[in-house]
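J.: The task is simple: from the sequences and hints, build the whole structure.
If you read the protein sequences in the order shown, they are chains A, B, C and D. Heads up: the first sequence begins at 1 in the working numbering, then just goes up one per residue. Heads up: the second sequence begins at 1 in the working numbering, then just goes up one per residue. Heads up: the third sequence begins at 1 in the working numbering, then just goes up one per residue. Heads up: the fourth sequence begins at 1 in the working numbering, then just goes up one per residue.
It should be emphasised that the hints constitute simulated quantities derived from the structure, not laboratory data. Among the hints, erroneous ones may be present.
No copy is singled out in the list; a pair is fine if it fits within one copy or between any two copies.
Cross-link-like lysine-lysine pairs, in silico, PhoX-like; alpha carbons within 20 Å at most [as the list claims (entries may be wrong)]:
hint, residue 1, residue 2
1, K37, K100
2, K58, K100
3, K37, K58
Listed below, chain by chain, are the residues.
4 protein chains.
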Amino acid sequence: MKKRFLIIIMAFCFSPLLFGQEIDPELTEAWEPVPEKVTPGIFPGSPPSDAVILFDGKGLSQWRKTLVGYGGSMAEVEKVAKIRAAMTEYEEQDAEWEVKDGAMIVVPGTGAIETRRAFGDIQLHIEWLSPVDPGKTGQGYSNSGIFLMGTYEIQVLNSYENPTYSNGQAGAMYKQSIPLVNACRPPGEWQYYDIIFTAPRFAGDGSLIKPATITAFHNGILIQNHFELKGPCIYRGEPHYVPHPEKLPLLLQDHGDRVRFRNIWVREL
Amino acid sequence: MKKRFLIIIMAFCFSPLLFGQEIDPELTEAWEPVPEKVTPGIFPGSPPSDAVILFDGKGLSQWRKTLVGYGGSMAEVEKVAKIRAAMTEYEEQDAEWEVKDGAMIVVPGTGAIETRRAFGDIQLHIEWLSPVDPGKTGQGYSNSGIFLMGTYEIQVLNSYENPTYSNGQAGAMYKQSIPLVNACRPPGEWQYYDIIFTAPRFAGDGSLIKPATITAFHNGILIQNHFELKGPCIYRGEPHYVPHPEKLPLLLQDHGDRVRFRNIWVREL
Amino acid sequence: MKKRFLIIIMAFCFSPLLFGQEIDPELTEAWEPVPEKVTPGIFPGSPPSDAVILFDGKGLSQWRKTLVGYGGSMAEVEKVAKIRAAMTEYEEQDAEWEVKDGAMIVVPGTGAIETRRAFGDIQLHIEWLSPVDPGKTGQGYSNSGIFLMGTYEIQVLNSYENPTYSNGQAGAMYKQSIPLVNACRPPGEWQYYDIIFTAPRFAGDGSLIKPATITAFHNGILIQNHFELKGPCIYRGEPHYVPHPEKLPLLLQDHGDRVRFRNIWVREL
Amino acid sequence: MKKRFLIIIMAFCFSPLLFGQEIDPELTEAWEPVPEKVTPGIFPGSPPSDAVILFDGKGLSQWRKTLVGYGGSMAEVEKVAKIRAAMTEYEEQDAEWEVKDGAMIVVPGTGAIETRRAFGDIQLHIEWLSPVDPGKTGQGYSNSGIFLMGTYEIQVLNSYENPTYSNGQAGAMYKQSIPLVNACRPPGEWQYYDIIFTAPRFAGDGSLIKPATITAFHNGILIQNHFELKGPCIYRGEPHYVPHPEKLPLLLQDHGDRVRFRNIWVREL
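T.: Structure representation (structure tokens):
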């Protein structure tokens, strides 16, 4: 009985050409466009040939002190948007963070830094390290943040055996999306994020056409799975979208802790 | 003039606490759920603590010869679905591919293999290598495929300086989605895919609630960005969804070439 | 003038077959022995096919509590040698160190641990991490040690911006050989040693035939270049050789600090 | 009985401070010199802070066509030495090898290339790849060589399932030292050597004071363990030392096969 059944199955299985031959397979071949060739880096995590290198351990030439910052509430976000719209020219100020042993280090009090260049949809690789400080807890332990377009924050924090609110731990889209798992290494060890970010699209009248989305990996482990952002990541209140340019700088937060970053690169999508 | 403008900006920038203090930031803290802890692997690409190891170089215990295969046309896909529905028990047959030097190798003629275990939404890491054969071209050069749920194929092919139709090259969702870029290494070198796959959802009556999606990286470079599949990846004709179980085995194709695979693991999402 | 000179040189350069043809090149071919095949690991630092895995993150089955320890002075070393010679059987006691997040951690007060298996000449890969503790200094900051044959110590210590005597810093052959450079990463980060150790050879009467030698890399950087050890690495006094068996366990020191180790393997040479 | 024995042992074991207290441990502390700090690369195999980068994938600026080459017999070696001694100035000719996909490739017929800079004792990292060519065998399959000081050759060859004389296979010190094991990956895959080379020392009268030595790892596996070279690595006849300068260029051989190299760096010891 079982054997006969098997034989029937096998017949199906090994005769894939018996069915549907009336349809020419060439009809569904697409020969254009031909994808552009990109040479991968030698090591997993090292930049591919088309990457924009934002930090290779040697200096902060790709970064400047942010002049407009980010907003902690919707009121602030709106003011930031207005300032941006009003700004036509300004003197760029160099980033004042420290560079040491191939890493850049937040110098508390010098303020957030942002890329001189603006980006929209990107693939981002960034490595970070929480300095060890047993006296610190919760949001006070190695807090920083990666603000995509200076607006949408993936949290940087020591979340290894350091409880805090779940939508504020490492890998959270701050106050919007809890990471799928906690993939944090202990403070003192290097960690990395690999991020796919799609910028929001706004209509001419400023209304939202499509929200921003993020997919993120923490140390190679999926923590955000195509999450649709509700608007800017803010500290107080509920977010909603405020229209902004198609490209904006990537910003790294100074939250008072000497968090380190290294090996930062993006690919524009 | 410029200076005064700067001062205004700086005022905004360094006074984040001036705005919106009426809203208590604790209102938007979510303390539950607490994400499960997962320990990352030592090396980028090595399995995290919660991974199901499908191949670690030592044997094919996680794999079997497929008994139902995949369909090359919608007619075949539907028959496969019927067989699956009819099957209540059968003897599993061991995979007959070769294991050598820490890799598993397609043995042409032995047929596709599939995991003994079934999966739905997954993160997948898989490494593959096209053997060098200068005489081969197009679809004939190192062809294999990774069929998510035995149905949705990401193409495996030598696409380094080997033109073929774009929706059939390495990293294509076969005949549905051209990869964003060509990140192929030359034949003979190891390559890797990191994949986030979300299974389609079907209603009780078999109608589609939500299509399957895929995000894929080839050698660390984004090649599929949350692509919504149109249905099974088929050789002939246009695809449409056919309902199937929530979990199905992962299948690797025998397309007649001695393609190698290694370091295969999944995380269930 | 210059041109003519060049031509002469080029004539030498491109006529390698003009000279010495009287000697048959086959005379200097050696076809035996044929070296054994070893398959390398996938990642740099992951174990090759012929490695003895001493710790893969999952447990301490390869280790035991040491019963004889090591000596801090020549008097002690000699007593240890006598005890070893007298021991014919004893109950092995399990190592009491902690295993967490894929690492093993010194539990201060539980004592040194050693491999159940004994080794002579080896290639050793071992990764270690100094926990951060800003209050500590000098030899008090993350002190441990890797005792080859339970006798010849390569120092484990935080030597990143933590001065101590040079022949006692990380990578020193303790009190015998200063490392060539200081390749230490900051405390909190994983580091690795790759070591080639050749055991000393003793004559039947216990006299030294050949001293032990060590070549060591710290984070991939050469720090000991075929150093000839003067005898056991001791805390007090000048060392000299004391004869011992051809193979002895590898020992890891409990020096009171919660140093972590992981990914430990050896190849017997 | 056994228990009492154990207690005695434990007494030895846990009382390291009972012995030899008469000797002050500070007497054997060496505080000078303080080893220079070197920052390791991010990835295993990536260059440390003090490395001379010889090839980073982007061009051949560090290389030139060799003007004197190497010798295939002692007669040739001696002529090469005479030419070197006679050369006071010459026009450097650019290396004519190909650069593609981050690798440099031997262009058969263009001749060996050598570094513009000269080196003595070094740590060398170099990656290489044998192109696949099933028609080739023995010494004819992906032959090249790395000539330390343009004189002492570690063999580059496909030695994966490709028999040849053992002292001429990959990792051999050509015709002098068989590699300890065969750690070769298949052709088409990248491989790497990590090498510690100590130059020979000659007296003022040209007599040998100390032979050259080499320790080498192939894909992380020890293959040469402080081997003392007998002289130049030659094709015909028995080698003996011919005096040469303290530093000489590193040379890569054109043996007619399109072998690839990448990620080449040295540290001067």
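J.: Hint by hint, which ones does this structure get wrong, listed from lowest number up?
T.: Violated: none.
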